[in-house]
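Number of protein chains: 4
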Amino acid sequence: MTEPSYSEFCELIRGVFEEVPFVREVGLKLSAVDFEQQTLSATFERKPTLIGNHYHNILHGGVIATALDQVGGFTAMVAAYQRMGGAIDWEEKLQRLMRLGTVDMRVDYLKPGRGEHFVCSGSILRVGNKLVVSRMELHNESEELIATGTATFLY
Amino acid sequence: MTEPSYSEFCELIRGVFEEVPFVREVGLKLSAVDFEQQTLSATFERKPTLIGNHYHNILHGGVIATALDQVGGFTAMVAAYQRMGGAIDWEEKLQRLMRLGTVDMRVDYLKPGRGEHFVCSGSILRVGNKLVVSRMELHNESEELIATGTATFLY
Amino acid sequence: MTEPSYSEFCELIRGVFEEVPFVREVGLKLSAVDFEQQTLSATFERKPTLIGNHYHNILHGGVIATALDQVGGFTAMVAAYQRMGGAIDWEEKLQRLMRLGTVDMRVDYLKPGRGEHFVCSGSILRVGNKLVVSRMELHNESEELIATGTATFLY
Amino acid sequence: MTEPSYSEFCELIRGVFEEVPFVREVGLKLSAVDFEQQTLSATFERKPTLIGNHYHNILHGGVIATALDQVGGFTAMVAAYQRMGGAIDWEEKLQRLMRLGTVDMRVDYLKPGRGEHFVCSGSILRVGNKLVVSRMELHNESEELIATGTATFLY
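Residue numbers (our numbering), protein chains in the order written: chain A, 1 to 155; chain B, 1 to 155; chain C, 1 to 155; chain D, 1 to 155.
Heads up, a few of these hints could be off.
Claimed, not checked - Pairs of lysine-lysine residues, derived as DSSO-like cross-links and limited to a Cα-Cα distance of at most 30 Å, are as follows: (1) D:K93 <-> B:K111; (2) B:K47 <-> B:K29; (3) C:K130 <-> C:K93; (4) D:K130 <-> A:K130; (5) B:K47 <-> A:K47; (6) D:K29 <-> D:K111; (7) D:K111 <-> B:K130; (8) D:K130 <-> D:K29; (9) A:K29 <-> B:K29; (10) C:K111 <-> A:K130; (11) D:K29 <-> D:K93; (12) A:K29 <-> A:K93; (13) B:K93 <-> C:K93.
Claimed, not checked - Beyond 12 Å from chain A on every Cβ pair, some chain B residues (computed): (14) W90; (15) S123; (16) E144.
No wet-lab data here; the hints were simulated from the structure.
C-beta atoms are modelled at their ideal positions from N, C-alpha and C, and glycine is treated no differently.
The following block holds chain A by itself, in its conformation from the complex (with noise of 0.2 Å):
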């Protein structure tokens, strides 16, 4: 297998992205990479399975948990990914990526989670050659700033 270009290391992403279960249920959908800033983003759309208080109609603090998580894992997956350089082949490169896994998060809830349509943005705080520590954030449609969160992955 030879090494894929930006592009479609992009694609491959998307589509690991997407086919994840739980994220799949959430209904989130990666809308950005961009490999030179090393950020990340997706969205998702308010349903009724995702309330987690009837008498506030606001986001479950979980459904929050789970966009950041998930955003701030594929961000630093684009970050130890042009870490890995040159000096790793592609293979081993891939297995690394596959078995990133987030070691904690910290998730601030600033605002009620209110609103239609919800982005997350994921930037780096840190790369180096085993951690990658990601911050995160959740804005509503409104640009209400709902959440952050700052993440320690492992690769």
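Following the hints, put chains B, C and D in place on chain A, whose structure we already have.
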């Protein structure tokens, strides 16, 4: 409305817990509430929609975060209810409990989320007149500790 | 006592900040307060007592946590002061500000704490009528981002 | 250099712990290491330089964070040392242990830091071949739980 007895309050909490839409999606069920110890636990079964990684057949980190947030929050509700004591009437207590929300949460993912049957339990680290801090754990049927978390709730 | 002007309040905060005994030990000095942006920064110099690792000659993690906690807390004080607005008299405001305390904090140690001169800055993620969430960063004189943190404060 | 016995390793760790400059400033002393349980504890006494709030005469949050970070890190060292086992020679083990660093830490400040004598203890939540997760607690002489923390270390 008169103040419910402990067992009535327990039934009330169970009803509220299990009617949360996203909790139903995950399949989380309240299994025990201990008023004296201020602990609470809930269980769920593995099912295909909860998977986060096809290759390793493990729970999505967001499922784990959902269970910890939900269990931590309801443990906090029990503690907040007791903390409010007799000085506040039941209507006002109920209103404050319904407004209880997660401020922030840390999750530590200690082992891959493998298993068929999961138990999530919560206990109290701090209860004040505005804030509660809960600690949560997730075990599988082999008693492996899969994740722990700490969360701060405002009521 | 009459309400101080912004510049008087700024002087007051500086006095309180720099008379904290452990802050004097570390040598942290308030360098800027921006009321409009709700940001605040402080600086300190490397000295032998702040070292955590002889072999690598880097700051102790506790020094970094001290700077982040202190700067986050005083940024929160500025935001809380503004949030309380005109409805509460100055005496009561002052009492609430003096009681402001850290509920929880996450620190991410991104790079070894190397350098001679450090700048710690804080900004606000959320300000409510009970809680403030601050974000903090620590840079060295080469503009390297050494650590970030997020903390929740109660007032 | 030959591998030290457990009691020699314990002495070695004690020496390294107490020669850390910032640890000396705080006055933290290693009091117990249990290799079997992978736990460790340290103590310190209140002194004027450790105070964070004159009005309430309590420890600065940074003092608490320093104790938790230091104790968590040395507990992690004990666990990492055992995890490396017989496959790696002593020189290399020592090098890896000396490089062990904090990746991230959460501290929960549960009660004001009042007291004369403080005990900080650490235990292990996870030990892998790269990462260790420690949990830490701080009690005063009245057995009050003042703070807890969780931290991730890389070695």
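Exercise. Of the hints stated earlier, which fail here?
Worked result: none
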